[in-house]
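Which chain is which? The protein sequence lines are A and B, in order. Going by this note's numbering, 28 is the number at position 28 of the first sequence; the sequence numbering is gapless. Going by this note's numbering, 193 is the number at position 193 of the second sequence; the sequence numbering is gapless.
Derived from the structure by calculation, the hints contain no laboratory data. Heads up, the beta-carbon is just placed ideally off N, CA and C, and yes, glycines get one too. Check each hint, because a few of them may be wrong.
As the list claims (entries may be wrong) - Taking lysine-lysine and the BS3-like style, the derived pairs with C-alpha atoms no more than 25 angstroms apart in a straight line are: (1) B/134 - A/109; (2) B/392 - A/287; (3) A/144 - B/162; (4) B/392 - B/354; (5) A/91 - B/134; (6) B/162 - A/109; (7) A/115 - B/134; (8) A/265 - B/134; (9) A/113 - B/162; (10) B/134 - A/223; (11) B/195 - B/231.
Said to hold, decoys possible - Partner residues aside, some chain A positions facing chain B, computed with beta carbon under 7 angstroms: (12) 48; (13) 132; (14) 168; (15) 183.
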Amino acid sequence: MSVLVNKNSKVIVQGFTGSEGTFHAGQMIEYGTNVVGGVTPGKGGQTHLDKPVFNSVAEAVETTGADVSIIFVPPAFAADAIMEAADAGIKVIIAITEGIPVKDMMIAKEYLKGKEVRLVGPNCPGVITPGEAKVGIMPGFVFKSGRVGIVSKSGTLTYEAADQIVKAGLGISTAIGIGGDPIIGTPTKDAVELLMNDPETDAIVMIGEIGGNYEAVAARWIKENGNKKPVIGFIAGQTAPPGRRMGHAGAIIGGAEDTAAAKMKIMRENGITVVESPAEIGAATAKALKEAGLVA
Amino acid sequence: MNIHEYQGKELLKKWGVKVQEGYVAETPEEAKQVAQKLHEETGTSWYVVKAQIHAGGRGKGKVQETGSNGVVLAKSLDEVPEKAKGILGGTLVTIQTGAEGKKVNKVLIAQDVYYPGEHKPKEYYLSILLDRAKSRNVIMASTEGGMDIEEVAEHTPEKIIKEWIDPAIGLRPFQASKVAFKLGLEGKAQKEMVKFITSLYNAYINSDASQFEINPVLKTSDEQILAVDAKVNIDDNALYRHKDLAEMRDVSEEDPLEVEAGESGLNYVKLDGNVGCMVNGAGLAMATMDIIKLSGGEPANFLDVGGGANAQTVEAGFRIILKDPNVKAILINIFGGIVRCDRVANGVVEAYKKIGDIRVPIIVRLQGTNAEEGARIIDESGLKVKSAVVLKDAADRVKEALQGA
């Protein structure tokens with residue numbers, strides 16, 4: 001089953017003919033993702049990477065029946081692209097674009113309320129269900145199919161975690177890169193909930209970072225929900241100073257609850273196995289699965 | 001992006017927010033001239049001389065060279081140049097600057113707004129910022145003006161008034177009115193506060209701000225509502241559509257290494273530790289800093305080289321890290337996804353040879369696409385560079401390097 005994307009997903013690429021869109025759409029097609037076309041306003045009717053190009057998402061959905069969209073549109077136009085996708089009836093929107101103004105995202109998020117659509121990102125590496133669909137910019141070969149779900153704010157740290165999990169003899173059900181911006185479509189708790197309800201996921205690796213309260217909300221939900229599956233957590237930025245932005249727009253310590261230490265404490269209190277070192281994610285996951293009797 | 005108080009006030013004025021009037025000056029002579037002008041325009045005969053730096057706590061802060069506070073009162077025109085002299089060119093140390101302080105290049109000469117009259121002047125607190133948990137902007141207000149809001153939040157949270165704003169609808173008049181009443185205002189002052197809050201929100205939303213903190217907001221003795229201070233932060237991602245605000249950037253307030261890194265397309269934050277690091281991706285960069293700490297070191301920096309780690313970016317990264325004299329070792333941690341490790345390895349070797357005189361041990365950890373080949377290139381380069389593939393090995397190499405140092 002997996003979550004969000006699978007082999008049946010019909011994917012369109014917004015910002016298809018730009019350099020990022022072209023490169024990553026090519027990689028996605030090579031991976032085996034069912035890319036049915038793309039959107040670049042003004043280039044409708046053309047063919048790109050052997051796929052049809054449309055002027056609008058609505059037109060693309062009407063013609064191809066697409067239900068998933070991945071967005072590579074430049075920051076100034078990306079929030080609008082998200083709203084266009086939702087308006088056209090896309091069910092899962094994955095926004096890769098980094099650098100969207102907060103004001104634009106606030107309006108886009110408001111626009112999505114009440115609609116049957118899920119936004120992942122922006123400023124994220126995307127979503128991958130290994131062996132079925134890669135809708136993102138991650139290196140596909142790192143992710144081998146299996147039963148561990150990953151939720152992460154960070155791109156390369158997701159690859160790192162997946163690599164360790166695979167080297168520990170396990171595999172990934174779905175990895176969800178939720179993004180490092182202050183306003184994102186799918187906060188940690190929502191992504192964890194999807195994996196908690198997925199029968200093909202046995203354990204969840206939850207990778208957070210300083211800033212915001214998403215990890216704390218997710219941790220409390222996990223406990224309230226009865227700690228149904230083992231959850232292994234890591235928070236990046238234990239050594240980050242307060243008040244300084246660490247790369248990601250959302251990675252800034254503004255208050256006492258924003259620190260890695262505070263988040264790790266809340267996660268532990270709610271039954272999550274928290275590792276201090278990012279080098280221990282794979283081993284800790286294998287151990288947790290073994291203790292739960294889910295692997296030999 | 002932070003801007004100075006005087007720039008923040010200019011921005012507020014443009015949107016109809018009433019502010020404590022003033023002019024900026026760079027020399028004591030200029031300070032006197034603008035004070036004269038201010039006297040003619042506002043009738044003020046007392047002048048507040050305020051250091052312009054990107055840090056709070058100026059009033060209680062001390063200028064190291066002269067012992068003057070960062071905000072002082074001049075009770076006559078003649079006192080203005082002398083007071084300005086005590087601040088200009090000095091190093092102001094406040095609770096927010098760290099022990100090294102900040103050099104003051106400009107002072108704001110502002111009118112005295114605490115003049116006596118029918119009512120007693122009273123200070124309030126107002127801010128607008130993003131509430132990440134709700135994905136909405138929130139107005140925060142308090143009767144405890146002039147106080148540190150974190151302290152108010154901790155000890156008397158009931159004194160903080162919050163009003164969330166629907167991004168699609170914007171601030172409604174009843175919301176501004178409600179906040180003004182909750183602050184205990186009535187009559188003319190209440191109406192003035194409603195105008196103040198409304199204009200402040202307009203200024204905030206139209207300039208793509210990420211934070212406004214007006215502390216204090218003053219109710220004067222004749223019941224005007226004025227911004228006496230203005231801490232303004234603009235969303236960096238939106239600066240492309242605000243050329244006028246982008247021009248307000250004062251690079252002299254930033255760390256020179258951070259400015260240089262930015263020019264090379266690197267995301268660098270200077271820290272106080274002894275192990276430098278260069279990483280692709282912000283999350284992995286923070287995790288690498290944590291690894292350094294767990295290995296017995298302290299991170300000297302945050303450095304994200306982004307998606308395209310190549311010889312140029314690696315060289316630029318090396319040069320910036322090596323300018324920090326505290327650095328005793330450097331850990332390069334690249335997870336090659338789209339970017340291939342063999343290319344990164346060649347980039348490291350190339351940059352190393354080009355720079356030549358590198359005296360600190362370097363540990364290069366390459367993982368992902370062509371990782372083994374990358375490690376081989378590093379090992380066979382003949383340079384004093386250690387390679388690692390697994391993150392744990394990289395941590396051990398750092399530990400060894402620090403013990404050897």
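Against the structure, the hints:
{"no.": "1", "hint": "B/134 - A/109", "in the structure": "holds (11 angstroms)"}
{"no.": "2", "hint": "B/392 - A/287", "in the structure": "holds (17 angstroms)"}
{"no.": "3", "hint": "A/144 - B/162", "in the structure": "violated (48 angstroms)"}
{"no.": "4", "hint": "B/392 - B/354", "in the structure": "violated (30 angstroms)"}
{"no.": "5", "hint": "A/91 - B/134", "in the structure": "holds (23 angstroms)"}
{"no.": "6", "hint": "B/162 - A/109", "in the structure": "holds (21 angstroms)"}
{"no.": "7", "hint": "A/115 - B/134", "in the structure": "holds (18 angstroms)"}
{"no.": "8", "hint": "A/265 - B/134", "in the structure": "holds (23 angstroms)"}
{"no.": "9", "hint": "A/113 - B/162", "in the structure": "holds (23 angstroms)"}
{"no.": "10", "hint": "B/134 - A/223", "in the structure": "holds (22 angstroms)"}
{"no.": "11", "hint": "B/195 - B/231", "in the structure": "holds (19 angstroms)"}
{"no.": "12", "hint": "48", "in the structure": "violated (20 angstroms)"}
{"no.": "13", "hint": "132", "in the structure": "violated (19 angstroms)"}
{"no.": "14", "hint": "168", "in the structure": "violated (12 angstroms)"}
{"no.": "15", "hint": "183", "in the structure": "holds (5 angstroms)"}
Checked against the numbered hints above, the structure breaks hints 3, 4, 12, 13 and 14 and satisfies the rest.
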